[in-house]
Structure formats: C-alpha cells, structure tokens
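Chemist: Each chain, written out:
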Amino acid sequence: MSRLSWVGAAARRGVAWLMPAGRRGWVEAVWAEAPEVPPGLRRLAWRAGGVRLIAGEALMRGRIGSALLFAAAAALAAWAAWPGSLASFATSVDRVDVITVVALLGGLALVARSVFGPPGSSRVARFLRVGAYGAILALIPAKNVVEQVLDVPPHGGIDLRLYRLISGPGFGNHWDSEILFLVVMALYAAALLWLTAQRSRVAPATLAIGAVGGTALGAVWYAIGPLGFGGAPATNPWLPGSDIDPLMVLAWILLFGTPVAAGILADRLYTASGSSVPPVGGRARQIVAAGLLTNLVGALFVTVSGTSTIAATLKAAWLRNWLYHGHLLSGVAGLRLLLRGDPGALTYSHEITAAVDAPPFLIICVVFPLIALALTGLGALSLWGNAATGQGGPPSGGGGPAGPEAVLTLGNLPRGG
Amino acid sequence: MSARSGFSAQTLAVLAALCAQPSQWRHGYALARQTGLKSGTLYPILIRLADRGLVEACWQDEPQPGRPRRHLYRLTTDGLAAVALAGAALAGAALADPAEPTARPGARTRRGVPARAVP
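Chains as they are written, first to last, in the numbering used here: chain A, 169 to 585; chain B, 2 to 120.
Be careful, since some hints might not be right.
Stated by the list, open to error - Here are the simulated DMTMM-like pairs of lysine to aspartate or glutamate, each with C-alpha atoms no more than 25 Å apart in a straight line:
1) K39/B / E204/A
2) K483/A / E346/A
3) K39/B / D52/B
4) K39/B / E196/A
5) K39/B / E57/B
The set of hints was computed from the structure by calculation and includes no laboratory data.
Modelling step: build the complete structure from the supplied sequences, incorporating the hints.
Modeler: Structure below.
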C-alpha cells in the first residue's frame, strides 16, 4: 500500500468515527466499490457519494453538529485564554491548561460513547452535557486571567517587591495545583458524561432535579462569595459580612440539605413513575445520581461564576475600584501595612487581593461532590438495609423505568456444553 | 404512487434490481449501474432496507487480488414479500387510476431508473 493510500485509509477510518458504530462498515462498502468505477470524474463522484453518506448519517445523529459546536466553543476558549508572550510561569501553565482541557473534553466525549454508551435522548441530558462543557471551557479564560495577575511582578514600590519576595514567586501557580485542577475537571466531565449516558439508567426527572437543585445551590454560594473565598469577609462585597450572616447560614444548610432533598425527591418520582415498585438498586441509583449531580452543578456554577467575576474585576479597573474599598484589602495578610498610599501599590494590592481569592474555588469543586456522595451514599445504604430486612421494596439490584432491563428468558439462556 | 406502496421511486428501483435475481448476491456498483442511482443515494437506501430486514448484506469471502473486499446484497424473505406487496400496490394503483403511470416518469427519468420499476 502506498503512503498516500495509507493516509487516505487512515483519514477515512477517522472520519468514519463520526458515524454510529453500526454504520461504519457501510463507508468501507462504498470505498471498496470505487476501484470498479471507471477512473476520472465518475470515480470521484462515487467517492463523493461516500462522503455524502458519512455526512448524512452523522448529521442524522447530531454528531457532526455536536462536534462543530464543541470545536467552535473550544476555539473561542483557546482564543480568549491563550496568553500573549511566553515570558512567565503563568503563561506556560495557561497554555498547558488550554491544550489539556480541550483535549480532555474532546477525548472524553469520544471515549464516553464507547464506554458509557450513547448520550441520553432526553432534552435535560443534552442540556446538562452542553452546559457542563460550556462551563468548563468558559472557566479556562477566566482562570488564566487570574493566574496572570498572580504571577505578575508588582508595579509598586520597594515595599511591595519585598513583600513579593517574602511571599514567594507567585501565590497560586504551582504545577501540583494545576494538575489537581485538570484532574478535577476531567472527573467532572467524566461524571457528567456518565450521569447523562443511556447506560447509566438515570431517569430524566432525576437529571432535572439535579440540574435545578445544583443551580440554586450554586447561585446562593455565588451570592455569599462573588469574589471568591479567601481572607475577605463573608458575603463580600455587598453585605456587611460575617460567618453567621443569614445568607451564609442558608448556604451551609443548602450545601448539606440540597443533595439530600434532591435524592429523596428523585426517589419519590422514580418510584411513582412505574406501575410496579422499582428495584432497590434502581432507586439507590437515582438517589445518589440526584445528590451528586446537584453538588456537581452547584460547585461548577459557583466556580465559573466566581472566577469569571474575579477575572472581570481584574480586567476592568472601574469594577475593581468599585468593589474593593479599603476595608476589603485584608485578603493578603500584611499587605495593607506595605501600601502607604502608593497608587501603583494600591492597584497591585487590589488586583492581588482579588486574584488570591480565586484558587479556593478548587476546594469547593473537590468538597461539594464528596459531601453529596457521602450523604446520598448513606441514604442508598439505608435503603438497601431496609430492603434486606423487608421494610423497603424488593431486594434486587438493577435498573428501572429509565432504561431497558436485561431479561433472561428460556430463549436467551446460555447453552451449556 | 410511492406513498401508496410505502417506498420511494428510488427505493422501488433498488428493490426491483435486487428482485431480478433474488438468490444472487449483488455488488453496490452493479446496482448503481442498473438503477442509475449515484452512490450517495443508493447506499442510504440500502442501509434503510437492511435496517428494516428487507435486504441482507455480507462481505465478499475471497476478494480479487489487490482489491478490497466488496459488500454484497440480496433480498431477504421479508424483502421479497415486501416487493410482492409493493408490486400489488402498484398494480392496484394503476388499475384504479389508469391515467397515472406506474411510477412518476419525471422522477425516474431524472434518476435514470428503468421504466418497469417493479417486476
């Protein structure tokens, strides 16, 4: 096989990936006939028919549309996030971020189809996938703006440079935290792809509960920390702020209460949706999925909103000056002592105060889903316990109304030797 | 006409071509030549017919040297029954409406489909 033919065959196999698995052989079938067609325009037209077949079949499944949408969003994120010159540590980190996140999201989507099965056909499943991918892509440019500020040398006087020297080279730009961020984002994408896949057998109502509950949770947490969760007071900047502020208390209650409530509601709806009592395994799946999805969506919501707000304050001086008054500059310990009225130092201190409050969002991304998993996992275990002691539904694992169950009949029993 | 038989004119043409020698496996290019359909039209039709269980497909066992294995097609029992039904529908329609030809001539001549779409 010549190199050109080999490249052509490889390209064809790559393009055929856009088609559903059961259709790929048909592309090969069209190509296999091409040598029979007289060379020239007629053979070219025959091959063009194969391309048309791929386009038609792939478009029918919405895969080309999804791929184009993802490519456009990824290009936009890369364009917005790509830093100018390779002069600092933050710049190299940002470039790695952009490339890795885009590759991760694209690769996971391909792998998820073969591992988790096709995406759920419900509208809420599609909405969740698009929303999660859009949120993660939107996070990259915002995060990169923050990191550029964290790594930039201070423009102020000698005191600030001294402060910088004491604080170390950069406040948050370390490879270990970057790797943790990329791992967390990959886990988020994988979890959302799994929850919204057909094979996970999570009911559309469960997905809707998780999406709504998570958005509410994220909105309340954004309200108490629109500029991050560093050293600045709680409910910064528009409320006086304290740890016992009613909104703060509500946020903590919601953090633990929303996944539990979502799990209970999902279980009720799932149980009510079928004509018979669904299996315990299916109910437990809905409980854990609803709770986990709630806190995943909530954490992603507050992280993207908060980081974007911080990035906006860093890009727009008027917004930063409006939000950061003198009393809020305690975010970086000891910084206020070094300011002494220097305008350049004041600007830098405002920027750095805004920027240092962004990294704690990563902690939220890790902790929120763990809380949900712990709480709903306990709920699922107690359901199983009740079933085992005869207080719950029928004690069996498996699915429910959300997806087809494997049915073992005499016809498909394995034949022994 | 095609709506009454449940098949488009092009699909009927493919069925007719396969029905000419129902026991024989046919190549895609041969079907394209016989029906006058282009590959971009012929293969989606074959895919739908295979999905509905009217056509069965397989790969050639022994390809010609230096050539890739070719895909082969023939009608299934259900396919033969569907062609018979379609033929009856066509015949019935022709009797009911003698002014209307067996199939739309415009569509057929445009695609180069033989005049007798259903044997």
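Chemist: The structure should be examined with respect to each hint, and the outcome stated for every one.
Modeler: Quick rundown of the hints versus the structure:
Between K39/B and E204/A, the direct Cα distance comes to roughly 14 Å. Compliance with the 25 Å bound is thereby established for this hinted pair. For a cut-off of 25 Å, the pair hint linking K483/A to E346/A stands: about 22 Å separates their Cα positions. Taking the CA atoms of K39/B and D52/B, the gap is about 20 Å. The hint holds against a cut of 25 Å. Simply put, K39/B and E196/A have alpha-carbon atoms about 16 Å apart, close enough for the 25 Å limit, and the pair holds.
The straight-line distance between the Cα atoms of K39/B and E57/B is roughly 20 Å, inside the 25 Å bound, and the hint therefore holds.
Checked against the numbered hints above, the structure breaks none of them.
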